[in-house]
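Engineer: Sequence:
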Amino acid sequence: MRSSRALIPTLKEAPADATSVSHVLLLRGGFVRRVGAGIYSFLPLGVRVLKKIEAVVRDELSKAGAQEVLLPALLPAEYFKETGRWELYGDTLLRLKDRKGGEYHLGPTHEEIITDLVRREVKSYRDLPKNLFQIQTKFRDEPRPRGGLLRCREFSMKDAYSFDVDEASAKASYEVMRAAYCRIFDRLGFDYRVVSADSGAIGGSGSAEFQVLVQSGEDLIAACTNCAYAANLEVAKTHALPRIGPDPASVPAPDRVHTPGHGAISDVAAFLKRTPDNFLKSLVYVAGKELVMAVVRGDHDVNEVKLARALGVSDVRLASGAEVEKATGAALGFAGPVGFKHRIVIDRDAASLTDAVTGANVTDTHLLHVQPGRDFSAEAAEIRNVVDGDLCPDCQSPLKIYRGIEAGHIFLLGTHYTSKMKATYLDEKGEHRTIVMGCYGIGISRLVAAVIEQHHDQNGIRWPLAIAPYQLHLVQLGAEPEVVAEVARLERELEARGIDVLIDDREERPGVKFKDADLIGIPLRVTVGAKALKAGAVELKPRSEADPKKAELVPLANAVETIVARLQALLEGSSKAG
RNA sequence: CGGGGUGUACCUCAACCUGGUAGAGGGCCGGCUUUGGGUGCCGGCUGUUGCAGGUUCAAAUCCUGCCACCCCGACCA
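With the first letter of the first sequence counted as 1, position 530 gets the number 535 in the numbering used here; the numbers rise by one all the way through.
These are computed hints drawn from the structure, not numbers from a lab.
Keep in mind the model is a prediction, meaning the values are calculated, not measured.
Possibly wrong hints are sitting among the right ones.
Said to hold, decoys possible - Beta-carbon label-pair distances, calculated as ranges:
1. Glu18 x Glu172: 49 to 57 Å
2. Ala19 x Ala551: 17 to 25 Å
3. Lys102 x His437: 30 to 38 Å
4. Asp505 x Gly394: 43 to 51 Å
5. Gly516 x Glu223: 34 to 42 Å
Ideal Cβ positions, reconstructed from N, Cα and C, are used throughout, including at glycine.
With these hints in hand, go ahead and build the complete structure from the sequences.
Structural biologist: Below is the structure:
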């Protein structure tokens, strides 16, 4: 492809509404344009990247035994009504009506639709297992789209669904998909971790996320520095901490202390000359209609997802200042578990504290010498956030906290959907049994952004070869006949070798072309100009080389072979990454 | 949905506070120049100042309402 004929509108300046690196570079490089909040058009370069990612995904999934289908995006309401998700999904579901007033929605995910297909077509244990996937546009009316392609309301997703005769078989299907996902993420050149995760609204019994590790990621994950343990902070566990404080038997009775104006833990700690880990931090939550106090060590934070799970509710919210003051009878900052009249949940590592300090439920007052279990009773559970340096629950090595982008998520659904939708088969004995299901998602368009978040420098994108929009950027400098002829020869011979070449034949100054080449980020660049041609050579420079002057002179006679060899080496390099 | 912010040319922004004919740079078009990391000079095109009301002789500017977008939080591929 020749740049002079292509639509590759690069921008010198970043549009003001883009903040994430990938968003800025996708706009500046001419890959996408914004149409509305969380709605994007893909330009030619963007489409090429999408297609390359899709090709890798299709290849690995078909190797894993999955078959591609294409389900509609426009869906009658009846399917989601059947499983209750018509109500459950809430405002995230994009609903619409047809001319007759019939209720429809745009598909945010397709468990119901695929299950309906399978229950109609699969009748016998002989028909199982099945694994079906599609690559399709999904619609979710996100409360807050952000970061360009990182979180869209319309986005491309690969979703796969497995159907098995029983749990053991479903688990095997799940493991096959997990392995396929690892190969996909390896081939795409990601630095990623597979982490245990909460199943969330999709439901089901187990799940793992594929988290691409980047500083700008919105998810927090805890990963062991020694073994394979890794988990989303929402579910991460730790080995119990050693007890802090003296022998419980030696702790005197609680004693009030005047702490005027010192509500915050750090303030009181400094005022009382103690460290925050001597404190029991007490937060009042509303779970359903019930008030609950969550108690963690002063240097720890409550994890609301874990708290909700410990309480057996779907979510909790922090009580308002007024609610807290009504419940404790004291100003905000002086709540404590001793004498608290509602349910109390204490974090395991707070329960082992002895001789602790807590709020006294009296304004400007704290209690010293508080002893969990002796002075108040509470249910113990792991309800705090894991922090850097906590110990791995499996091997007790230190955990480290990373930030990540959730790029893939796999679920063991069990019979969550199939039982509601009566998707059954006849077993060998002629008895009806419920199909066991798994589902597997990859955010294809999100991956485009994730790649850039992980592969860029101050000059632009650095695509891994496997998904670069073109494999080679041929930069033509000047328009002397010998330059034009050499460019044409390379174009012909390289394309004959099956290489995707983007040729910058625009009438632009060299600086403009080099800047654009760095911005667009094609992994290998060949420069054809009078200067090198005089020496009978062209210049070769990988995008990964930061030094602008460092280019390799390659004699014309070897140019094609050298380029092919370099691309081969790059491909092997990127598939080893991650 | 809570909090914060922004809407002026294709892009980045100024002018708004203190009302008086809407500007710069980049881009784009033309000319000359330059030709290995966004060349320099000259000329040119581009606007219902987000929308609707209101106040005023006069509104980008002040007031009211609405809309859109971005960022931070609660949710998710």
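Engineer: Mind checking the hinted window 49 to 57 Å against the Cβ distance between Glu18 and Glu172?
Structural biologist: holds (56 Å)
Engineer: Should the hint that Ala19 and Ala551 are 17 to 25 Å apart at their CB atoms be regarded as holding?
Structural biologist: Between Ala19 and Ala551, where Cβ atoms are some 21 Å apart, the hint holds.
Engineer: Given a hint of 43 to 51 Å, does the C-beta separation of Asp505 and Gly394 actually sit inside it?
Structural biologist: Distance hint for Asp505, Gly394 holds at roughly 47 Å.
Engineer: Given the hint of 30 to 38 Å, is the C-beta distance from Lys102 to His437 inside that range or not?
Structural biologist: For His437 against Lys102, whose Cβ atoms are near 37 Å apart, the range 30 to 38 Å holds.
Engineer: For the hint 34 to 42 Å, verify it against the beta carbon of Gly516 and that of Glu223.
Structural biologist: holds (37 Å)
The structure agrees with every numbered hint stated previously.
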